[in-house]
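Participant: Residue numbers (the working numbering), protein chains in the order written: chain B, 316 to 579; chain V, 316 to 579; chain H, 316 to 579.
FYI, nobody ran anything at the bench for these hints, they're computed from the structure.
Predicted, not measured: the structure shown is a model, and the values here were computed from it.
Among the clues, some could well be false.
Incomplete in silico selection of chain V near chain B, CB under 8 angstroms [to be verified]:
1) 354
2) 356
3) 403
4) 421
5) 431
6) 444
7) 512
EDC-like, lysine to aspartate or glutamate: derived pairs with alpha carbons at most 16 angstroms apart [claimed, not checked]:
8) V/567 - V/534
9) V/531 - V/565
10) H/567 - V/539
11) V/503 - V/539
12) H/531 - H/456
13) V/567 - H/541
Just a sample of chain V residues kept apart from chain H, beta carbon distances all over 10 angstroms, derived [stated by the list, open to error]:
14) 329
15) 455
16) 495
17) 550
18) 573
Glycine included, every Cβ here is placed at the ideal spot set by N, Cα and C.
The residues making up each chain are set out below.
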Amino acid sequence: MKTSPLDRCRQAFADVMTVPAPADISATTATMLEFVFADVWQRPGLTRRERRFVTLPCVAAADAEGPLRDHVYAALNSGDLSIVEMQEAVLHFAVYGGWPKASRFNMVVDEQWARIHDERGLPVPAAEPLLPLTTASDPEERLTAGERAFREVNCLPFAPTRDNPFHGAGILNFVFGEMWLRPGLGMKERRLITVACVAFQDAPYPILSHVYAALKSREVSFDEMDELALHFAAHYGWPKGANLAQVISEQKVRVSAEWAAESS
Amino acid sequence: MKTSPLDRCRQAFADVMTVPAPADISATTATMLEFVFADVWQRPGLTRRERRFVTLPCVAAADAEGPLRDHVYAALNSGDLSIVEMQEAVLHFAVYGGWPKASRFNMVVDEQWARIHDERGLPVPAAEPLLPLTTASDPEERLTAGERAFREVNCLPFAPTRDNPFHGAGILNFVFGEMWLRPGLGMKERRLITVACVAFQDAPYPILSHVYAALKSREVSFDEMDELALHFAAHYGWPKGANLAQVISEQKVRVSAEWAAESS
Amino acid sequence: MKTSPLDRCRQAFADVMTVPAPADISATTATMLEFVFADVWQRPGLTRRERRFVTLPCVAAADAEGPLRDHVYAALNSGDLSIVEMQEAVLHFAVYGGWPKASRFNMVVDEQWARIHDERGLPVPAAEPLLPLTTASDPEERLTAGERAFREVNCLPFAPTRDNPFHGAGILNFVFGEMWLRPGLGMKERRLITVACVAFQDAPYPILSHVYAALKSREVSFDEMDELALHFAAHYGWPKGANLAQVISEQKVRVSAEWAAESS
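Chain B extracted, bound-state conformation (with noise of 0.2 angstroms):
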């Protein structure tokens, strides 16, 4: 028996979302999430939990309440992401999406881990204790540590001056000095919150550097990073996609030369 566009339509967004589609659909709304979850999502290229990490900071930053919700519930409710990933998610969105955004992505993360304890009848987990910091606390040594941290995220041979307050105090200080350096969340991952975060906030040189630096790191692939721009695009919007897709395509010949270079 065939599958109607509509029911494939559905089937790919409780997939996704974890809860049925809703019943009453109007003309428009099918089109897109006939687009969005029946084509976007299911495509391979990106896995379901990796397509959470470009998804959760586009509807924080677009901070509509309905969809950020029902995303951090599905992330949290599939299994896809630990509660500790979702967490550190939020404090590395706090970073390149701006904390406002982030305290009702956080505050949302605490409402829909208590709503899927509840929906389950278990008590919520007590918190991981913040100290012991596995970063170091004199502030030399955790300059140091982010001065080293800057160049191998950013895969770059140099670090910003320290007598700089924006690269002193925050860079080198906080970003790579602390937040980079936490456990809990993979590289892989940190790099496609911070790519999607990049591309929404759109300065020139910082989708470069994260786009160039996701690349050569290798630690996401060349299919990858187009599936990403695809992933953003349909959640962002395009004109900033298409701002992606054009950063990415520069960015794979660079990064394409460098490494002809390195082996030759």
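Go by the hints and put chains V and H onto chain B.
Facilitator: Below, chains V and H alone, put in the same frame as chain B:
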């Protein structure tokens, strides 16, 4: 009898919003209301109906709940937009502004449509069925139609490669192979929405290409485009408005030169 | 001799931007320039210097290259902000607006600071050294200081749990344990930047909490806050401005009631 500036502002507000202006307006709010409603909305160059296709993307992007609700209500309640046009505008916005914000926009449309019928003591009419779609189902046919629509909408002699997820599965298969080809919304209206969306998303190439195509197609005149920039700036802020105005002035020169070359 | 509206607009533009207005202004641009520069910037309620702390986050958030460059130049060239204040504003913006946009803002500050010195035939002075930091290094001490700063800045009797990465590693350890405690920028200035940032990010709770705290601390008066809303709306758009104005009116009632209860 002379109309006071505040009365003029109240009349303009009521004309656009289809409800009376708030009774208790602070001095700073009055300054803004006067500019937005009594100055900008009353200008010739774009009709009130046309201004709605610029305003709706701005309020949906800003996702300020109150203004979104009020402008959706006003657009439908005034009769300036039919429900079919409004729902099609949501889908078009979803593509250019991102699915999460569109999801909220869509919910607000349903709510306000119900509210209007409730106020009038009428039942909400049944929705238009999605199927049958007017676009082809065969993937090859869809891509071919998408390539043709891409060239026509963008006023370009070429279409992007199919063999890239963003361009093939996204742009050709869905955005131009289906969305732009749907009936229910005119081309001029789609262009007004698109330019507003690329202006707030502000990735450089999409602004340039959609401003160019709107002018080149003669579906938006030079004067209408200037007016669009002002209306956008009033609703989405002066900095992005200034950027749009800059692109418009450059694209006018380009389009004029092309027309001169074509007619010589 | 009477000053024409366009002359008034040109004078206002030159006063704010420290350079002459463009010679060739279209009618729609003139309408906007007149409102923004001749009306809004000239109002009492906030000084020109104070308005810069609202404008800079707006143009950095919008990442419209031209306006960002022009406003950074004007703020430094007028002497309204010192370079230390400007750089501290970038770091503060990074936290509330997101690191990628701040990265561009920081680059523009370096460029314009060099341009100003170049125009004056002066060498760019050496940067202030980052170390020693004025905040504690020990994690426990930092968290304790962060909890205290959180309560004081937010005018709240409690601080969030440490055992959540967003709150512990982010908010307490860095945002309130270090960033808000840095010298180089006054509390009023930090509040102006923060309110502008939460207004464009538009997650509901942060807008509410930072508007409340700015008023409750008496570091921003009721009238100044109204003026901030107008200035913000002119630069970041009416819909988010309307949302901010709504929150302000509610928080004034709340703060007034609290003050009445405290004094009785």
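Participant: It remains to establish, for every hint, whether it holds in the given structure.
Facilitator: Hint check:
Given hint, residue 354 of chain V at the interface with chain B, is violated; its Cβ is 29 angstroms from that chain's nearest Cβ, farther than 8 angstroms. Given the 8 angstroms rule on beta carbons, the hint for residue 356 of chain V is violated: about 26 angstroms separates it from the nearest Cβ of chain B. For residue 403 of chain V, the suggested interface contact is upheld, since its CB lies about 6 angstroms from the closest CB of chain B, less than 8 angstroms. The criterion of a C-beta within 8 angstroms of any C-beta in chain B is met by residue 421 of chain V, whose closest approach is roughly 6 angstroms, and the hint holds.
At about 16 angstroms, the closest approach between the beta carbon of residue 431 of chain V and any beta carbon in chain B exceeds 8 angstroms, and the interface hint on this residue is violated. A distance limit of 8 angstroms between C-beta atoms decides the matter here; for residue 444 of chain V the minimum to chain B is near 6 angstroms, and the interface restraint holds. Hint status for residue 512 of chain V: holds, given a least beta-carbon distance of 7 angstroms to chain B, under 8 angstroms. At roughly 14 angstroms between alpha-carbon atoms, residue 567 of chain V and residue 534 of chain V fall within 16 angstroms of each other, so this suggested pair holds.
A distance of roughly 13 angstroms separates the Cα atoms of residue 531 of chain V and residue 565 of chain V; the hinted pair therefore holds under the 16 angstroms criterion. The straight-line distance between the Cα atoms of residue 567 of chain H and residue 539 of chain V is roughly 41 angstroms, outside the 16 angstroms bound, and the hint therefore fails. The hinted pair formed by residue 503 of chain V and residue 539 of chain V meets the criterion: a straight-line CA distance of about 11 angstroms does not exceed 16 angstroms. For the hint linking residue 531 of chain H to residue 456 of chain H, the alpha-carbon distance of about 27 angstroms lies beyond 16 angstroms, and the restraint is violated.
As the CA atoms of residue 567 of chain V and residue 541 of chain H are separated by approximately 39 angstroms, the hinted pair breaks the 16 angstroms bound. A cut-off of 10 angstroms between C-beta atoms confirms that residue 329 of chain V is not in contact with chain H; the least separation is 16 angstroms. Against chain H, the non-interface label of residue 455 of chain V holds: every CB pair exceeds 10 angstroms, the least being about 40 angstroms. The claim that residue 495 of chain V is not at the interface with chain H holds, since no C-beta of that chain comes within 10 angstroms of its own (minimum 26 angstroms).
The beta carbon of residue 550 of chain V is not kept farther than 10 angstroms from every beta carbon of chain H, the shortest such distance being approximately 5 angstroms. For residue 573 of chain V, the non-interface assignment is confirmed: its Cβ lies about 21 angstroms from the closest Cβ of chain H, beyond the 10 angstroms cut-off.
In terms of the numbered hints stated before, the structure departs from hints 1, 2, 5, 10, 12, 13 and 17, listed from lowest to highest.
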